[in-house]
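Asker: Listed here are the chains, written in short residue letters.
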Amino acid sequence: MEKVILDVADLTTKYITRFGEDIYAVDHVSLRVEDGKSLGIAGESGCGKSTLALSLMGYYFPPLHYTGGEIIIDGHNISGMKPDDVRKSILGREIAYIPQAAMNALNPTQKIIHFIEDVVQAHDPTTSKQEIYTMAKALFESLGLPAEVLQKYPVELSGGMKQRTVIAISVILRPQVLIADEPSSALDVTSQKMVIKMLRNLMDNGYIKAMIFITHELPLLYNVTDDIMVMYAGQIVERASSKEAVFDPLHPYSKGLMGSIIVPEEGLRDVKLAAIPGVPPNLKNPPPGCRFAPRCKFARAACTAASVPLRELENGRSYRCILSEEELREAYAREDRQHGR
Amino acid sequence: MKGYRKYFLNKLLWFLVTLVAAFILNFILPRLMPGDPVAAIVSRLAQGMSNTAGIQAIYEQYAEQFGTNRPMYEQFLLYMRNVFQGDFGFSFSQYPRTVADVIRSSILWTIGLQFPAIIVGWLIGNSLGALAAYRRGSFDKVIMPISIFMSNLPAFGMAVVLLVIFGVSLRWFPTSGGYGFDLIPNFSLKFFWSVFVHYQLPFWSIVLITIGGQAIGMRSMAIYELNADYVKYSRFMGIKDRKIVRYVFRNAMLPQITGLALSVGTMVGGALVAEIIFSYPGLGSTILTAVLGQDYPLISATTLIITIMVLAANFAIEMVYGILDPRIKAAQAD
Amino acid sequence: MAAERKLCLSGKGVTKVFGLGRNKTVAVDNVDFNFYEGEVISLVGESGSGKTTLAKMLLGLINPTEGEIYFQGEKRDLSSHRKKKEYWKSIQAIFQDPFSSFNIFNKIDTVLLDCIRMRGGGGLPYEQKVAMMTEACSFVNLKFAELTNKYPFELSGGQQQRLMIARIFLLKPKILLADEPTSMIDACSRATILDMLMQLRDEIGMTPIFITHDIGLAYYVSDTVYIMEKGKFVESGSADEVILRPKGAYTKRLINDVPKIYEEWDLSTV
Amino acid sequence: MKHLLQQISRSGKFVAGFSIFATILLIVLIYPLVVPDPPLEIIGQGTFFEPGIYVNVYDSISAPHYTLNLDEAAEQRIASRFKAEDREAMRGWLVGSGMPESEIDIANTAQLLDQWFANFDPTTRLPGMTNADRNYYIRLNNSIQGLLSTEAAVIAQMNAETAVLEETGTVPQTAYVNVNQVANVRVLPLGTDNFGRDVLTQLVRATGVSLQIGFVAGIIATVIGLALGLVSGYVGGLVDDVIMFITNLFIVIPSFVLLILISFSIGQEQRGAITIAVVIGFTSWVWTARAVRSQVISLRNRDHVNLSKLSGHSIAHIIIRDILPYIASYVIMALILQISSGILAEAGLSILGLGPKTTDVPTLGLMMNWAMIYQAHILGKWWAYFPIIVTIALIAFSMNLMNTGLDQVFNPALRD
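Chains as they are written, first to last, in this note's numbering: chain A, 71 to 411; chain B, 935 to 1268; chain C, 403 to 672; chain D, 282 to 697.
It is possible that some hints are incorrect.
[What the hints assert, rightly or not] Restraint-style ranges between C-beta atoms, simulated for each label pair: (1) His184/A - Ser579/D: 30 to 38 angstroms; (2) Arg291/D - Val1131/B: 17 to 25 angstroms; (3) Ile596/D - Tyr1007/B: 35 to 43 angstroms; (4) Asn658/C - Ser255/A: 55 to 63 angstroms; (5) Ser579/D - Pro132/A: 26 to 34 angstroms; (6) Pro364/A - Asn658/C: 37 to 45 angstroms; (7) Glu470/C - Ser579/D: 25 to 33 angstroms; (8) Pro1119/B - Ile500/D: 22 to 30 angstroms; (9) Ala508/D - Ser1072/B: 43 to 51 angstroms; (10) Ile311/D - Arg521/C: 20 to 28 angstroms; (11) His184/A - Ile578/D: 31 to 39 angstroms; (12) Arg521/C - Ile578/D: 28 to 36 angstroms; (13) Lys414/C - His184/A: 26 to 34 angstroms; (14) Leu1012/B - His184/A: 54 to 62 angstroms.
[What the hints assert, rightly or not] To spell it out: a stretch of chain B is covered by chain D in this simulated footprint if at least three of its residues, at any positions, have a beta carbon under 8 angstroms from a beta carbon of chain D; those stretches are: (15) 949-959; (16) 1095-1104; (17) 1240-1248.
These aren't lab readings, by the way, just hints derived from the structure by calculation.
From a predicted model like this one, the values you see are computed outputs, not experimental measurements.
Backbone N, C-alpha and C define an ideal beta-carbon position, used for all residues, glycine too.
From just these sequences and the hints, can you work out the full model?
Answerer: Printed below as a string of structure tokens:
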């Protein structure tokens, strides 16, 4: 078994709204990512996947608050550290973040190289500007970005170039873990592919050891990550290898989600798309028991009686449902027969 | 540099266009008013002066200068020619002084008082606003209501309050004039000291008025910037808050500079009234004398000069903005 | 078969130019098209390709700078408000973002009553109007009784998009322009919306035109696909032909760059 | 709508501002009902009577007297009449007559008086003293003597036949009257101004007039700005270019300069309060026009407007139903700002001597102007100017608070 790079146990964080209400957007989430692996997180908007990305950084500012759990990066527990120490020795160095809206992620009135200088010197004030420039130039060139970008302001870069610049800056200190939150959703398909290629390149060439990739675009997730975790209402409902998650999902929610994938490939026109009725629950006041039960075709009384634990299967898969693997497969087969698939 | 040049030319063109518009307005507004302006002015002349020879001289001068019986466009050309020669005619109320002479003796006082005061007020206000946005909490809760209240005090109100407290009660500073009434302007230390002492109250009253509005504006700009994505990203890259605040301040300051350019006219307006309270020998007091003396040429020239001053200040601020915002220089790339 | 097809919307040399002088941009550049009744059509393009501008021209919200648009084979005349109103009885739209599609100050009743009025039912007794609204809502799986006196923004994105379809159900237009109707809503609600649109099409015999950047969606729903690049149509034809066997370089690249799940996604091409 | 009102009422700033403003408005409405005097009536002969209760002396003599033996009465009597400048002058005399300055304590009344009586001689003429100074000291001495006398004051009336003063009564120093039993008492809480007019009555009326000016100016400015902004934003094209060109011109050309020019050209006689308000309104619409235009432009291409068009609605319907409600909050906020800046503009103009004509009604600016001309601030007559400044500041402050409160409700980014 490979070395575990990122080990998260029972992480729980909440938002405190202006009116003092708590919203548990990340509820007892545990996950592990091994050396050289990438983990994808899928889910509908509002399921807590972006909040999970923020929470994994171990550095919290309002309205997000930490309430419990552990984050261990390469054997180093960061959840007990002082915020200032996290900032200095963890952020950017051990774990780095690529934000959702990379278009605005760079200070508009600062040249790229000056921001890189600030990032490097925030962790090691002794590094000279010359050293930083040499380092940044080498990194940009090895990642296929022109070195002239360093001397430019963000407005002078195209959307795709801006996003790739942000990714390059994020790995300048060679962090172990990279967290990418919808890094390509605002880009056209070609720039999106370039971003994906760059992320793969980072993994393959050892710039980073582990990656967490968050997106609502499932075909993309399937192509980028080794494993996929499906989130629903702040909880993990299923975790499996990408192939299993997409082609053989177990949890009824995952089943619905994967059944709604549309790709321009032969035969897809004849498939009936899956649909899940209803809306996700309000996280201020989640339903008791299984949170998906109100929308689930297979729901029964027991589902709402008590909270449903995550079932671990032998091959490392897990899912959160009171039905067994066999029961679920049987139900799905019955459905397929009905639709004549 | 191409981007900046384009920006510069653009602003210069706009400056010239507004200048022409200001000339036209200054010329046309008094003539648009109902009633015969000549008759009105002549009747005012009679009550404004006792010196018959003076009235006659001014009347002839006036008829010559304004060419009142000629067509509008000729009058306008005449007006333009006179303005460009710096010839505004004689002052009704201070005859035989010329209008140009009256303005010459007051304009430096106004420039020397108002622009430094507005700039100092702008700087202090913006610093306080940024600090309030960043620190929030009790600092914000104290600074903000005070700022809101201060920004709502009329400029003359602040002037009177300062005058009564520091001039009348505490007797720290003189209450009126630009220098001691017993002095004649010269280059002695005594005179400069007197000017400096007389400068304090008008200066601080304008500064205090400016601070409030600027602090409020800066605070909301900075709060907006603090929620920007680059702040979140910079935090997650481990950059210190102090540095991030510097980013935020710089970015929030840029719209504040544009705001200053747009509101400098209003500020100067308030400050002119404050001048009157202190009998400061600037353009504000000149307007007051002109109004009291029904001195039409002086009013017309003073308002024109103030407009030109404000337009020039506006232009200068826009130029500074062009240098400070790198995006303008970068604009050439597209 | 081609001979039986009836034209519903066609265009010749349709061009839209924005701005003047140095700021001039050609959003739609001299395009010709023939949309036939009964087909599902998709206009596919990336952002900035001019597809939304073309859609607005088709809807008659903006006028082409040059060229003509023909409705059912005849030159379209939108010279007066009355003529536009008449045209809008035949063509309607669903927009991308359900949250900004409805006036937040109007109740759901107002939205639906507007449609009844437009179809000439303004003078009907209220009970009959309620019956019509109830029918339209139940078509999209909503209960009018629960929606009356509510505002659209109180519904979820998917529900609002369904309300939009209920609107179309009442209006019964000949043509429906659907501008990215599912891109802002969750994947799990997408199928419902698409199914309802197709069902509505069968029920009232309208011609849907999808405007989308999602090639997968275009492939899934449409019979005929037009690919747009920089204001021009670069390729068009049946969905199978254009998407599975693209001929143009741009189309090939576009389809190549979309992530796949059954085939290998070739990352080496960028 | 209900939800919105609820949110607004939850904003502390709005509620605070609204309460202040409502209080001012109520006072303006109710006070004239209680005190119906004309505000410009001259009641005092003389300038700047201090705030206080004015009791008719004639009536208090004829009112029933009561004897109250209060120990400190004499002391207070002396202290209240014995002014600081008198004490200062006494020190001058004493020093002049050779007393060392360190021995004199002008705050100590008893000691000062002792020293005075020991040293003062009306016949002596100190070096450098003018005749006027000498007379002043003699008058001062007499009045001090009078203050110290313990006899009762005699009331005498002239006998109409004999033209002889006949004693009709005496008023001992321990005599008191009950204010309630005096026929004529006038309360002047803020004293009188330079013309002898009741400042409070005037202030209340002036506040009302200034508010009217603010409202008229604000409404005119908002209507013009709204109309131009709507047309400019919705129609676009050449119309937009022209309107924006004019708007941008008037933004850089200071509006108060135009105000001065126009007000001066109108002439003193034609300048009523409402004329001034109209002029202010016509010179201050630019900001509203700009703000409305940018709002309309962002709304114009919104899908709900397109949907309304597709529903066959007319342009008028679209502007009224689909655009105006969205910008209503901005327009209300702009109106509030315009009202308060209109009040300030009037005040500024009046101080320059270009305010409304002075014979009809007072405005806050005119009152300020009068106080400044008569140097109330230099003379320490605080009641003639300070309440005006406070009133203007309170009006502007309350309106700004309301605005900030509304802004926080409508712009979530500013919320805490």
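Asker: Give a verdict on every hint.
Answerer: Verification of the hints:
1. His184/A - Ser579/D: 30 to 38 angstroms: holds (33 angstroms)
2. Arg291/D - Val1131/B: 17 to 25 angstroms: Violated: the Cβ-Cβ distance is about 51 angstroms, outside 17 to 25 angstroms.
3. Ile596/D - Tyr1007/B: 35 to 43 angstroms: Holds, at about 40 angstroms.
4. Asn658/C - Ser255/A: 55 to 63 angstroms: violated (20 angstroms)
5. Ser579/D - Pro132/A: 26 to 34 angstroms: holds (30 angstroms)
6. Pro364/A - Asn658/C: 37 to 45 angstroms: Given about 41 angstroms between the Cβ atoms, the range holds.
7. Glu470/C - Ser579/D: 25 to 33 angstroms: holds (32 angstroms)
8. Pro1119/B - Ile500/D: 22 to 30 angstroms: Hint violated: Cβ distance 49 angstroms, outside 22 to 30 angstroms.
9. Ala508/D - Ser1072/B: 43 to 51 angstroms: holds (45 angstroms)
10. Ile311/D - Arg521/C: 20 to 28 angstroms: The hint (20 to 28 angstroms, Cβ to Cβ) is violated, given that Ile311/D and Arg521/C are roughly 57 angstroms apart.
11. His184/A - Ile578/D: 31 to 39 angstroms: holds (35 angstroms)
12. Arg521/C - Ile578/D: 28 to 36 angstroms: holds (33 angstroms)
13. Lys414/C - His184/A: 26 to 34 angstroms: violated (54 angstroms)
14. Leu1012/B - His184/A: 54 to 62 angstroms: Given range 54 to 62 angstroms: holds, Cβ gap about 57 angstroms.
15. 949-959: holds (count 5)
16. 1095-1104: holds (count 4)
17. 1240-1248: It holds: at least three residues are needed, and the stretch 1240-1248 of chain B offers 5 whose Cβ sits within less than 8 angstroms of chain D.
Hints 2, 4, 8, 10 and 13 from the earlier list are contradicted by this structure; the remaining hints agree with it.
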